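Starting from the known structure of chain A, fit chain B with the ligands onto it as the hints suggest.
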Amino acid sequence: MKKLINKPEDVVLEELQGIELAHPDIVKVFYDPNYIVRADAPVKGKVGLVSGGGSGHEPMHGGFVGMGMLDAACPGAVFTSPTPDQMLEATKAVNGGAGVLHIVKNYTGDVMNFEMAADLAKEEGIEVESVVVDDDVAVKDSTWTAGRRGVGLTVLMEKIVGAAAEEGRSLKEVADLARKVNAQGRSMGMALTSCVVPHVGKPSFDLPEDEMEIGIGIHGEPGRVRMKLEPADKVTEMLLTPVVEDLPFKAGDEVLLFVNSMGGTPLIELYIIYRKAVQMLEAKGIKVTRHLIGPYITSLEMAGASITLLKLDADLTKLWDAPVKTAGMRWGI
Amino acid sequence: MAISRDDVLAWIRAFAQIIEENNEYLTNLDREIGDADHGANMNRGFKAVMTKLPTLETGDIPSILKGVGMTLLSSVGGASGPLYSTVFMQLSKTFAGKEQLELADWCAGWEAAEQGVQMRGKAVPGEKTMVDAMQPALDALKEAVAQNLPIGEGLRKSADAAHEGMLATIPLVARKGRASYLGERSANHQDPGATSTYFLLDSAAKTWANC
Ligand SMILES: Nc1ncnc2c1ncn2[C@@H]1O[C@H](COP(=O)(O)OP(=O)(O)OP(=O)(O)O)[C@@H](O)[C@H]1O
Ligand SMILES: [Mg+2]
Chain A
2 MKKLINKPED
12 VVLEELQGIE
22 LAHPDIVKVF
32 YDPNYIVRAD
42 APVKGKVGLV
52 SGGGSGHEPM
62 HGGFVGMGML
72 DAACPGAVFT
82 SPTPDQMLEA
92 TKAVNGGAGV
102 LHIVKNYTGD
112 VMNFEMAADL
122 AKEEGIEVES
132 VVVDDDVAVK
142 DSTWTAGRRG
152 VGLTVLMEKI
162 VGAAAEEGRS
172 LKEVADLARK
182 VNAQGRSMGM
192 ALTSCVVPHV
202 GKPSFDLPED
212 EMEIGIGIHG
222 EPGRVRMKLE
232 PADKVTEMLL
242 TPVVEDLPFK
252 AGDEVLLFVN
262 SMGGTPLIEL
272 YIIYRKAVQM
282 LEAKGIKVTR
292 HLIGPYITSL
302 EMAGASITLL
312 KLDADLTKLW
322 DAPVKTAGMR
332 WGI
Chain B
65 MAISRDDVLA
75 WIRAFAQIIE
85 ENNEYLTNLD
95 REIGDADHGA
105 NMNRGFKAVM
115 TKLPTLETGD
125 IPSILKGVGM
135 TLLSSVGGAS
145 GPLYSTVFMQ
155 LSKTFAGKEQ
165 LELADWCAGW
175 EAAEQGVQMR
185 GKAVPGEKTM
195 VDAMQPALDA
205 LKEAVAQNLP
215 IGEGLRKSAD
225 AAHEGMLATI
235 PLVARKGRAS
245 YLGERSANHQ
255 DPGATSTYFL
265 LDSAAKTWAN
275 C
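Sequence order for the protein chains is A and B. Read left to right, the first sequence gives residues 2 to 334 (the numbering used here). Read left to right, the second sequence gives residues 65 to 275 (the numbering used here).
So that you can see chain A by itself, here it is in the shape it has in the complex (with noise of 0.2 Å):
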């Protein structure tokens, strides 16, 4: 293992010390238990959004704290879930009085670990709300699994959902338009390369060197299927078609097209994707509005890529195009 770490067991701890000393503007960082809130919370009567999961796919979800996105952001290990604890005390954190709305990605340990920690909250007397995000068509049938995996489609989501909390809607409109969002989005992702949990050593998978993963999720778990490479242009079909056909997509509609690097791919290939897709959409008469490329949520040093796509309306739009200011993502301020 090759890493510009220190101790695995303090990479975690480590990250956090220094977003705390890089953003000072935008976050506070609080440790024991761990979390991270923006550096103006609570905002009175603001509907608080809290979110969370296993480090290693950063900017989400520490980079997504500040005016405009995140409230909070519990990190837990590397891939890991984080604890009940982390989310209760950032759930009371950035309480402003107006609810605590949960964006929970569809995993066993995050969906059982948030149910708790709202659990607790609502002891305390906190209205919360939780929305689980599901949107990576690489799980299919769903009653046989644990339910696809929340994946590209957070990213949008913790955007779109945190500019109407900034605007003041109340916690059931920002839940609604949560689960609208999580309805009308899908995904899919692919591996060049496994990834290295940092306490782990060693690859999470054994990928060869003339092989590709299609359907990987953002843990470095295998996929559904594995087959020689190909060039771009076919991955990104294999990508965006199933996309597509989901939802279905369909001639007319206007989508949010967001090509997300796994870590470890750089940004030259994500525009060979983003160029093709947008080819291919165009050919169904599907018409990209907005666009998001780069290195968003990530699996580590994973190469790899995956396709996103949510369709919009005005009001989407308006809120994607919302300011935001957070380490991870800025514009309109």
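Keep in mind the hints are simulated off the structure, nothing from the lab. Do not take every clue at face value.
Claimed, not checked - Coverage of chain B stretches by chain A, computed from C-beta distances (three or more under 8 Å per stretch; other residues unrestricted):
#1 132-144
#2 246-255
What the hints assert, rightly or not - Okay, derived cross-link-like pairs now, DSSO-like style, lysine-lysine, Cα gap no bigger than 27 Å in a straight line:
#3 B:K116 - A:K93
#4 B:K186 - A:K141
#5 A:K203 - A:K4
#6 A:K251 - A:K288
#7 A:K123 - B:K157
#8 B:K206 - B:K186
#9 B:K116 - A:K8
#10 B:K111 - A:K203
#11 B:K111 - A:K4
#12 A:K45 - A:K326
#13 B:K186 - A:K123
#14 B:K130 - A:K93
#15 A:K141 - A:K181
#16 B:K116 - B:K157
#17 A:K181 - A:K319
#18 B:K162 - B:K206
#19 A:K277 - A:K288
#20 B:K206 - B:K221
#21 A:K326 - A:K181
#22 B:K111 - A:K8
#23 A:K123 - B:K130
#24 B:K111 - B:K270
Claimed, not checked - Estimated spans, in silico, between C-beta atoms of each pair:
#25 B:K162 - A:W145: 37 to 45 Å
#26 A:D41 - B:M114: 39 to 47 Å
#27 B:M114 - A:D120: 23 to 31 Å
#28 A:D120 - B:N252: 36 to 44 Å
#29 A:E10 - B:S127: 23 to 31 Å
#30 B:E85 - A:G333: 50 to 58 Å
#31 A:D177 - B:K162: 47 to 55 Å
Keep in mind it's a predicted model, so treat the numbers as computed, not measured. Glycine included, C-beta positions come from ideal geometry on N, C-alpha and C.
Leaving out everything else, chain B with the ligands in the frame of chain A:
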């Protein structure tokens, strides 16, 4: 003889040791069909328990077990954190007021633990989870209680049943947890959570062999 407070402490220490020794083994099982962290998760949790244990030692059986459950809840995360926490919290609740445990008490505790895990995780037997080790162990315990077997013998039978349940997860296709994302590819692998559950019962059987 019965299981005393000191025996309970010895069991927790023994399990923490087994988890440490099998950290890599459990993580490797999880690498096959999960996200390569089950050993690390359990080890982080039981390291925290071992740090906490000196402050729990003076309590009675239920308070020790509750302390273990709370520590796991705030240190493990993942799926196994809430599930193992539930196991210890349920044991604690069932043993309320008990100074020592007979096999029937342990059986009742394990039944509550099993039900708690099923409620939290919504898994039923056959879905390739820790429930597949818990359930046969419970059946074996009930039978042992009905036959009035000595504690050590009953525990041995339950650990053996958990072992069989663990092996029986190998051909199963996972329907809960991360492994379910793999669909058919999850078959031919042993479930990590069922394996750690077997270790839990095996360390009970070994520690309490002469109780
Ligand atoms: N719904 C469930 N019910 C019972 N047991 C479950 C359930 N989901 C998972 N498990 C058990 O948990 C084990 C995996 O635990 P582990 O510590 O690896 O957590 P994880 O699923 O990786 O959590 P995270 O996803 O947050 O990392 C599985 O082997 C299985 O036995
Ligand atoms: Mg795991």
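Consistency of the hints with the structure:
| no. | hint | verdict |
| --- | --- | --- |
| 1 | 132-144 | holds (count 8) |
| 2 | 246-255 | holds (count 3) |
| 3 | B:K116 - A:K93 | holds (26 Å) |
| 4 | B:K186 - A:K141 | holds (19 Å) |
| 5 | A:K203 - A:K4 | holds (11 Å) |
| 6 | A:K251 - A:K288 | holds (10 Å) |
| 7 | A:K123 - B:K157 | holds (22 Å) |
| 8 | B:K206 - B:K186 | holds (23 Å) |
| 9 | B:K116 - A:K8 | holds (23 Å) |
| 10 | B:K111 - A:K203 | holds (22 Å) |
| 11 | B:K111 - A:K4 | holds (25 Å) |
| 12 | A:K45 - A:K326 | holds (18 Å) |
| 13 | B:K186 - A:K123 | holds (22 Å) |
| 14 | B:K130 - A:K93 | holds (24 Å) |
| 15 | A:K141 - A:K181 | holds (21 Å) |
| 16 | B:K116 - B:K157 | holds (20 Å) |
| 17 | A:K181 - A:K319 | holds (15 Å) |
| 18 | B:K162 - B:K206 | holds (20 Å) |
| 19 | A:K277 - A:K288 | holds (14 Å) |
| 20 | B:K206 - B:K221 | holds (10 Å) |
| 21 | A:K326 - A:K181 | holds (24 Å) |
| 22 | B:K111 - A:K8 | holds (17 Å) |
| 23 | A:K123 - B:K130 | holds (22 Å) |
| 24 | B:K111 - B:K270 | holds (21 Å) |
| 25 | B:K162 - A:W145: 37 to 45 Å | holds (41 Å) |
| 26 | A:D41 - B:M114: 39 to 47 Å | holds (40 Å) |
| 27 | B:M114 - A:D120: 23 to 31 Å | holds (28 Å) |
| 28 | A:D120 - B:N252: 36 to 44 Å | holds (38 Å) |
| 29 | A:E10 - B:S127: 23 to 31 Å | holds (29 Å) |
| 30 | B:E85 - A:G333: 50 to 58 Å | holds (54 Å) |
| 31 | A:D177 - B:K162: 47 to 55 Å | holds (49 Å) |
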